[in-house]
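K.L.:
Residue-level listing of the chains:
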Amino acid sequence: MAVDGKKLTQSRGCLRALAVGLVLAACRSPTTTEEAPGFEPFTTTTDQPIEPLPLEEPVNRERATLGEALFEEPLLSGDSKVACADCHHRDHALADPRPLSRAAGRPDSPVNSPTMYNVRYLFKLAWGARFDSLEAHNDALMTNPNVMASSWEGSAKRLAGKPGYRERFQRAFPDGLTPANVRTALLEYERSLVTPNAPFDRYLRGDAGAISERAKSGYGLFKAYGCASCHQGMAVGGNMLQRVGVMRDYFADRGKVTPPDWGHFNSTHLERDRFVFRVPSLRNVALTAPYFHDGTATTLESAVTLMARYQLGRELESDDAELLAEFLRTLTGEYRGKAP
Amino acid sequence: MSGSVLLRVALGLCLASFLALTTFIVRHAIDEGEQARYAHELRRLQTLDSGLNEAVLRARSGLLLQYDPLVAALGELHRLEAALRQAPRFFPKSAADELSARLADWSRALKQKEGLIETFKMENSVLQTSLHYFPVLATRIIDRSRAAGDVTAFAARVQNLSSALMLFEAGGDADATGRVVRAQEDVRGALDAAKRVGLERDAEVAVAHARVIVERKPTVDTQVRLMLAAPSFQAALRAEETYSAHYRAALNRSVVQKQLLFALALGIVVLGLTEVILSIRRAALALSRVTDELRVANEALAEEHEKERLRGELRNRFVAMTSHEFRTPLTAIVSSAELLESFGERWDAERRLDHVQRVRQAAGTMQRMLEDVLMIGRAEAGGLRPSPSPIRLDEFCRRLVEALEHSTKKSHVIRYTFLGDPDVTMDERLLQHVLGNLLGNAVKYSTPGSEIHFGVRTTADECFFSVQDHGLGIPPEEMPKLFTSFSRATNAQHLPGTGLGLAVVKRALDVQQGTVTVESELGRGTTFHVAIPRRLATADITLTPP
Chain A
0 MAVDGKKLTQ SRGCLRALAV GLVLAACRSP TTTEEAPGFE PFTTTTDQPI EPLPLEEPVN
60 RERATLGEAL FEEPLLSGDS KVACADCHHR DHALADPRPL SRAAGRPDSP VNSPTMYNVR
120 YLFKLAWGAR FDSLEAHNDA LMTNPNVMAS SWEGSAKRLA GKPGYRERFQ RAFPDGLTPA
180 NVRTALLEYE RSLVTPNAPF DRYLRGDAGA ISERAKSGYG LFKAYGCASC HQGMAVGGNM
240 LQRVGVMRDY FADRGKVTPP DWGHFNSTHL ERDRFVFRVP SLRNVALTAP YFHDGTATTL
300 ESAVTLMARY QLGRELESDD AELLAEFLRT LTGEYRGKAP
Chain B
0 MSGSVLLRVA LGLCLASFLA LTTFIVRHAI DEGEQARYAH ELRRLQTLDS GLNEAVLRAR
60 SGLLLQYDPL VAALGELHRL EAALRQAPRF FPKSAADELS ARLADWSRAL KQKEGLIETF
120 KMENSVLQTS LHYFPVLATR IIDRSRAAGD VTAFAARVQN LSSALMLFEA GGDADATGRV
180 VRAQEDVRGA LDAAKRVGLE RDAEVAVAHA RVIVERKPTV DTQVRLMLAA PSFQAALRAE
240 ETYSAHYRAA LNRSVVQKQL LFALALGIVV LGLTEVILSI RRAALALSRV TDELRVANEA
300 LAEEHEKERL RGELRNRFVA MTSHEFRTPL TAIVSSAELL ESFGERWDAE RRLDHVQRVR
360 QAAGTMQRML EDVLMIGRAE AGGLRPSPSP IRLDEFCRRL VEALEHSTKK SHVIRYTFLG
420 DPDVTMDERL LQHVLGNLLG NAVKYSTPGS EIHFGVRTTA DECFFSVQDH GLGIPPEEMP
480 KLFTSFSRAT NAQHLPGTGL GLAVVKRALD VQQGTVTVES ELGRGTTFHV AIPRRLATAD
540 ITLTPP
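Protein chains in written order, with numbering that gives the first Met the number 0: chain A, 0 to 339; chain B, 0 to 545.
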């Protein structure tokens, strides 16, 4: 019986160990998770209406470089004739020097093509603020028969036929060349288009000599006239909507109102949104003439003069337009260390 | 065995439930990381909501000069809106649906708030511009009109409007509104005066900005009020409450599940132990049964072996004894025969007769011995059958006594008594074996001249015989093997004898369904009591070998 007793003890021990083990496994001690450092949207770095742009944004280089090639690739369009760069010119700060863009085999664009720089900081996309995200805007332009007249699937197919793209996609994506990856690469490039370190940003960061005295005066006027009521934030605009012609009827004075002039109304069909546009960013504004959605202002001076008249209800005095333009020129940042 | 089967079934069920429950618990376990993230994001909805309200108020009062914080907070809220769409996996479907309904309420409230904020931004920008610009403009108008020599007519009205606007912006009650409207009328009515001092452009701008303030301030304030009243915070709070309630429920469920799991584990341990104990007991029982069987078999084997040894021993003794016992009368026969052959003619008749009688006596002894041996052999082979016949018992016994007296030449006094009905049915030959041996022994083991009592009594069913001597007696330790073949008492070794007599008695009685008992006292004598059925039938008698 001594042997039996020992066996008994062993089997009891085994059963207990089994039970305890299983219970422990089932209960699993709770794991403490560290809360991600909270994104704090309410902090500002200055007490000014304008914030400097971040010096760096996270970018996947491989994909952004691939996206850059796609940006200039006509194969993206349905007829392989139009590239993004046809309206967003590399030598014009990715904007269009023509009042209205014109691409091969397409009707004239209804509005001036704005710059691609700093699009990642815009709260809504397109003049009329039709799109809430860069993705939605790209999807719409891709399928718009007057723009790319294509689809991501079609683009991917055409790209696959051109030597080199398969390999480049293979390097940038685990699953290689797919419609979704064409879109991702293009968006990665667009989001990499930031122009930090403008003289005015350096000034905001404490470098008093970064801008001229005239520009500083211009900045003072920018605030005093009330430009900074709308053109504020780090993109100096791009974060709100505003009616064109707050103090005077711009469209009545210009004449020949067409649907593109209706702005946000085209998206919401609400009367209160008629002539409401997204306030454009003034970053690099010195490089992106002509101005306004209709491309009617050809110089900074004329643009600020018109803005003061129609939006602020005032006529600029003496050389205030020049001073304001002087200030606006300090908003030109750096892309890859150079002017965009 | 059904208990054992039940136990195993119960144990199996317990194990299966345990495994199933464990799998269930593991699959539906509350992921603490997921829960912490989800709860944090739900709380963040409220933080951001409050932050938005505060930022709007700051923007309204001119303390916040840009809208990036509003845009970023709304962006973050939309990100959370998407992230919260996937309810925690440990939520049952009903809970997930309820939570999703609460979050949908919140989304609607957020959308409403976002619309109000967008309008606020537009209107507030315009209002702030005019609010900041109007005093500057008013000061300039006053300065210029002073310079132009007009202090009262126009400048005073502009000054009045400026004050009214400041009061309006500061309070905005009915009085202030009335005053600002009147002041506006005054300024508009004094435009001619403005023209006189060349300030008509400035006057128009002032009127326009005053209108902006008067029109937009209520709009902006309404937007702010509506935005502050928008139910997004309450909706977020309700979503969090719903989440917390279901999380608590899930926690309670998991506690109950774990208790059940523990109970099952306990059940498994208890049932398992019982099973182990029972199987050990069963094994022990089986072992003891086998041991018992082995022991019994062993004992039987030992007994058999002992019997065999005794049998061998007896046979040896038989051989030794018979070689001696048979040799004695044989020697007597041989020597008498030789003497008769050599000297017979010379001897007288008497002497010759003496030797012839010796031969006869010795041959008779041998014959009896041979009969005894043969009888025992037959009995042991199962071949001894009684053949009863009617006899007169008293006469038979008397002849027996007379024959004994004759053969012993009346060396002992034999007292014979008979009682009862003498007519019986018995096997005369077997009875001869029984009584002859008993009486012979009585003579042999008692001193000459002593008395031997031979009593016979018959009843309706049985005959009783008793043979009593006053001889050596039998040692008590010899009693158990008294009736076995070739066994002789230790105190009788010096007397001639084969050790067959009582064995013959026993066997002869066995086949007659008789019994024999013995009383003996060492040195005082022995009494044998024999009982035999009075009427012996032959048919049903079968002798089982000992």
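Since the hints were derived computationally from the structure, they do not count as laboratory data.
Some clues are possibly wrong.
Below, a list of computed lysine-lysine pairs in the DSBU-like style, where the Cα atoms sit at most 35 Å apart [as the list claims (entries may be wrong)]:
1. Lys222/A to Lys110/B
2. Lys443/B to Lys222/A
3. Lys194/B to Lys255/A
To give an idea of the chain B side of the interface with chain A (calculated C-beta under 8 Å), a few residues [unchecked claim]:
4. Asn52
5. Val70
6. Met121
7. His131
8. Pro134
9. His208
10. Thr483
These figures come from a predicted structure and were not determined experimentally.
Every residue, glycine too, gets a C-beta built ideally from N, C-alpha and C.
K.L.:
Look at each hint and say if it fits the structure.
P.N.:
Okay, the hints, checked on the actual structure:
1. For a cut-off of 35 Å, the pair hint linking Lys222/A to Lys110/B stands: about 31 Å separates their Cα positions.
2. For the proposed pair Lys443/B and Lys222/A, the alpha carbon gap of about 161 Å is over 35 Å, so the pair is violated.
3. Simply put, Lys194/B and Lys255/A have alpha-carbon atoms about 34 Å apart, close enough for the 35 Å limit, and the pair holds.
4. The interface hint given for Asn52/B is violated, since its Cβ lies 11 Å from the closest Cβ of chain A, which is over the 8 Å cut-off.
5. Restraint check, Val70/B versus chain A: the minimum CB separation of about 5 Å is within 8 Å; hint holds.
6. At a threshold of 8 Å, the smallest CB-CB gap from Met121/B to chain A is about 5 Å, leaving the interface hint in force.
7. With its C-beta approaching chain A no nearer than about 7 Å, His131/B sits inside the 8 Å limit, and its interface hint holds.
8. The beta carbon of Pro134/B is not positioned within 8 Å of any beta carbon in chain A (closest approach about 12 Å), and the interface hint is therefore violated.
9. Annotation: His208/B was flagged as interfacial toward chain A, and the flag holds, the nearest CB pair being 6 Å apart, inside 8 Å.
10. Contact between Thr483/B and chain A, as hinted, is not supported at the beta carbon level, the nearest pair being about 44 Å apart and thus beyond 8 Å.
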